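Line by line, the protein sequences give chains A and B.
Counting from 1, position 195 in the first sequence corresponds to residue 195 in the working numbering; the numbering is continuous, with no gaps.
Counting from 1, position 214 in the second sequence corresponds to residue 214 in the working numbering; the numbering is continuous, with no gaps.
Just so you know, the hints here were simulated from the structure itself, not pulled from any lab data.
Here the structure is a predicted model, which is why all the values come from computation and not from measurement.
Worth double-checking, as some hints may not be accurate.
Across the chosen pairs, the derived CB separations fall in these ranges [what the hints assert, rightly or not]: (1) 222(A) <-> 320(B): 45 to 53 Å; (2) 268(A) <-> 117(B): 26 to 34 Å; (3) 24(A) <-> 225(B): 22 to 30 Å; (4) 5(B) <-> 283(A): 37 to 45 Å; (5) 267(B) <-> 286(A): 54 to 62 Å; (6) 283(A) <-> 337(B): 29 to 37 Å; (7) 59(B) <-> 288(A): 26 to 34 Å; (8) 73(B) <-> 24(A): 23 to 31 Å; (9) 283(A) <-> 139(B): 33 to 41 Å.
Derived list of chain A stretches under chain B, where covered just means 3 residues or more per stretch with a C-beta under 8 Å from a C-beta of chain B [said to hold, decoys possible]: (10) 141-148; (11) 202-211; (12) 260-274; (13) 278-287.
Where a beta carbon is used, it is the ideal one built from N, C-alpha and C, also for glycine.
2 protein chains.
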Amino acid sequence: MLTIADAFDRLFATVKPLDPVSLALGQSLGLTLAEDISSTADSPPFDKSLMDGYAIRSTDLNHGTATLEVVEVITAGMVPTRPIESGQTSQIMTGAPLPIGADIVIKIEDTARDGDLVRVTPQGSQTNIVLRGTSVRSGDVVLRAGTKLNGSRIGALAELGRAQVNVHRRPTVAILATGDELVPVDQEPGPGQIRNSNESMLVAQIQAAGAIAVPLGIARDNRIDLRAKIEQGLQCDMLVLSGGVSAGTLDLVPSELAAAGITEVFHKVEMKPGKPVWFGLRRVGTTANYVFGLPGNPVSSLVCCELFVRTALKRLMGEPALRPQAVPAALEHPHSARADRPTYHPARLTWTPTGPVVTLVPWHGSSDLCGTVAANAMALLPGAARQYGVGDCLETFAW
Amino acid sequence: MLTIADAFDRLFATVKPLDPVSLALGQSLGLTLAEDISSTADSPPFDKSLMDGYAIRSTDLNHGTATLEVVEVITAGMVPTRPIESGQTSQIMTGAPLPIGADIVIKIEDTARDGDLVRVTPQGSQTNIVLRGTSVRSGDVVLRAGTKLNGSRIGALAELGRAQVNVHRRPTVAILATGDELVPVDQEPGPGQIRNSNESMLVAQIQAAGAIAVPLGIARDNRIDLRAKIEQGLQCDMLVLSGGVSAGTLDLVPSELAAAGITEVFHKVEMKPGKPVWFGLRRVGTTANYVFGLPGNPVSSLVCCELFVRTALKRLMGEPALRPQAVPAALEHPHSARADRPTYHPARLTWTPTGPVVTLVPWHGSSDLCGTVAANAMALLPGAARQYGVGDCLETFAW
Chain A
1 MLTIADAFDR LFATVKPLDP VSLALGQSLG LTLAEDISST ADSPPFDKSL
51 MDGYAIRSTD LNHGTATLEV VEVITAGMVP TRPIESGQTS QIMTGAPLPI
101 GADIVIKIED TARDGDLVRV TPQGSQTNIV LRGTSVRSGD VVLRAGTKLN
151 GSRIGALAEL GRAQVNVHRR PTVAILATGD ELVPVDQEPG PGQIRNSNES
201 MLVAQIQAAG AIAVPLGIAR DNRIDLRAKI EQGLQCDMLV LSGGVSAGTL
251 DLVPSELAAA GITEVFHKVE MKPGKPVWFG LRRVGTTANY VFGLPGNPVS
301 SLVCCELFVR TALKRLMGEP ALRPQAVPAA LEHPHSARAD RPTYHPARLT
351 WTPTGPVVTL VPWHGSSDLC GTVAANAMAL LPGAARQYGV GDCLETFAW
Chain B
1 MLTIADAFDR LFATVKPLDP VSLALGQSLG LTLAEDISST ADSPPFDKSL
51 MDGYAIRSTD LNHGTATLEV VEVITAGMVP TRPIESGQTS QIMTGAPLPI
101 GADIVIKIED TARDGDLVRV TPQGSQTNIV LRGTSVRSGD VVLRAGTKLN
151 GSRIGALAEL GRAQVNVHRR PTVAILATGD ELVPVDQEPG PGQIRNSNES
201 MLVAQIQAAG AIAVPLGIAR DNRIDLRAKI EQGLQCDMLV LSGGVSAGTL
251 DLVPSELAAA GITEVFHKVE MKPGKPVWFG LRRVGTTANY VFGLPGNPVS
301 SLVCCELFVR TALKRLMGEP ALRPQAVPAA LEHPHSARAD RPTYHPARLT
351 WTPTGPVVTL VPWHGSSDLC GTVAANAMAL LPGAARQYGV GDCLETFAW
């Protein structure tokens, strides 16, 4: 059976970033640049005061103090009209351009004003100015393609005048739960029935990954319904099914996907929960449809979505081909692992002054979704049955 | 001057969670429950198979094997009609109810079918069933008020039939940049002018915190414009201004906020960048308006928003009164710190198999927003000038 590492290798060999689109900067949070961004000007564009105070010639300071004539008030947004000669100063506001001749700003707290005169006595040696081009020179590449946009980077793009940016767009992801036993969330289950919790869960996980979730409801365990809803789901960049991929009589999903022209990339991964996970694609010209078949037990779907669907979505959105980031955390209690394959166990990751620690939460297996609500992460128990001790380091993945 | 810890104490003494609202489950991602959630039924609601296979009486296994008559096929969603007597079995699908009499499921891989008979030879001792109520008993509290909703918790709420939930709503946050030197992002700055990068940056930071950003554009440095736009901003739960809170002639913000009935909670915090940060509120009946005045230099605004605005927003949204989570990370290079107060330095946080490490990125101070684009975090250098060595532990805060 495929190892987890092999499954990721096949995933990354298959999934390619979506084409770039031009978006308004305000729509770009969490998206990844599809172009290098260069500056067309120096930043700051002029020598600038970092403080409210007085702009002076530093050579006027005699034994650290001077009394100077105030010739102008320079507010942010205006252009100084008076050069500073020896014995002169201009009052200046934070962000305002430095007047010609001045090379230092004395902050207002270190000054005493008296009519047209001001006595300046700087504490410390800071110039309180920033020279033109200190931050960026015209022509510099400030942000590289592949950079994910957060607040500071969006601010920098705004400073550079980029009201539109080329980014990889958000994928659309159809979500289809399969099974005759399922009823919608707002209905009371009859005998042998359960609510379709996987749809709500997968919608939330896919939205949290930054993609656009398109829930398709429930497909019943027959070929006609399944085929129709699979075709509908293939309108999206990705289709995520839950249920119908294990080995039973009614597990029609793999054969119906094959009939829809989807080629299997992998089926079954040596992991717990989630072993029956299925992944494939259909490529028509330059367009690809990616399809995941997740096992129907809710925690199996949860874990496979966190691992594989989320990673595929990040890659579609232009992020690097990297497996989920593990936080190495110290186990807080002994644990006796009985599984015969790598297990992702619901866990509580907390931070202490000396680093992250992890507690495995009580959990009754792949159908026990309510057991996972105390968790904020999953910890990887890597395989063979063994006894873990306090302080053992586990790879932990935040949800 | 106020310490950072004191500022957080005052913030938490001031900011109270917003009133609960009832939302559709699909709208609740990232929000915090405002009610305890109990189960009204056992989960699972019936004894259930975890595998595709054959349901049998375990006492029928003789030396670990048995040949049994198949009396029924039980698919998920149906109700078994035939009890299992000794010598009998029903074929069963994952998620289907266990028939009366059976106490174990042999997975299909461990069976050989021959007409109406099947030979079962289980490998291992697993029962492959989950008993009614294993996960949750009717009446159990499954999720507590104060829990932030992610995929697994939303899935659990769906399983419990909660199509609507009471959560703390998303705050609305008006964003107002002040300054005569500012031009909109899509305009070319004239002499002495710069683009309004803070608005785009703060909108993104506030959206990333889960709140609804309402950008108000630029207020000019005069009382009439400022007063009108402050009144407009007070339609929102929170108003975030940038600029106009330091000590200069044109820093009208504190006095205009006072005129609008906003009471100062704190002004100036012993930190760098961001020292002039201002925070206050107006309470009318049960309604509160919270106001932040952030320093206009972009990195000062960035840092104050990450620290104080984001923390206040989390609290408004019902999260616990906790300061931002520090990741203790090992410094990768020596660093000579010259500041006289605690400094949040743009930094690159990365994960190694032995834990998090941090690099301080080259940075020219509070006006150098472009210098922060290489950062994904900020590291706290706690105060006095000193020499840091490789491996020194710094509190790091992911952006």
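Original post:
Between residue 283(A) and residue 337(B), does the C-beta distance stay in 29 to 37 Å?
Top reply: Given range 29 to 37 Å: violated, Cβ gap about 54 Å.
Original post:
Given a hinted range of 23 to 31 Å, is it respected by the beta-carbon distance of residue 73(B) and residue 24(A)?
Top reply: 56 Å Cβ-Cβ, so the 23 to 31 Å window is violated.
**OP:** Note whether the CB distance of residue 283(A) and residue 139(B) lies within 33 to 41 Å or breaks it.
**Re:** Violated, at about 52 Å.
Original post:
Could one say that the CB atoms of residue 267(B) and residue 286(A) fall in the range 54 to 62 Å?
Top reply: Check passed, 57 Å falls within 54 to 62 Å.
**OP:** Would you check chain B against the stretch 260-274 of chain A, counting CB to CB pairs closer than 8 Å, and say if three or more residues qualify?
**Re:** Answer violated; 0 residues pass the 8 Å Cβ test.
Subject >> chain B over the stretch 141-148 of chain A, status - at least 3 residues with CB closer than 8 Å >> reply: holds (count 3)
**OP:** Just tell me: holds or violated, for the beta carbon distance of residue 222(A) and residue 320(B) against 45 to 53 Å?
**Re:** holds, 48 Å
Original post:
Does the Cβ pair residue 268(A), residue 117(B) satisfy 26 to 34 Å?
Top reply: holds, 28 Å
**OP:** Closer than 8 Å, Cβ to Cβ, for at least three residues: run that test on the stretch 278-287 of chain A against chain B and report holds or violated.
**Re:** violated (count 0)
Original post:
Is the gap between the beta carbons of residue 59(B) and residue 288(A) within 26 to 34 Å?
Top reply: For residue 59(B) and residue 288(A) the Cβ distance comes to about 53 Å; the hint is violated.
**OP:** Tell me if chain B covers the stretch 202-211 of chain A under the three-residue, 8 Å CB rule, please?
**Re:** n = 6 at 8 Å, threshold three: holds.
Original post:
Between residue 5(B) and residue 283(A), is the Cβ distance one that fits in 37 to 45 Å?
Top reply: Since the Cβ atoms of residue 5(B) and residue 283(A) sit about 56 Å apart, the hinted range of 37 to 45 Å is violated.
Violated hints for the displayed structure, listed by number in ascending order: 4, 6, 7, 8, 9, 12 and 13.
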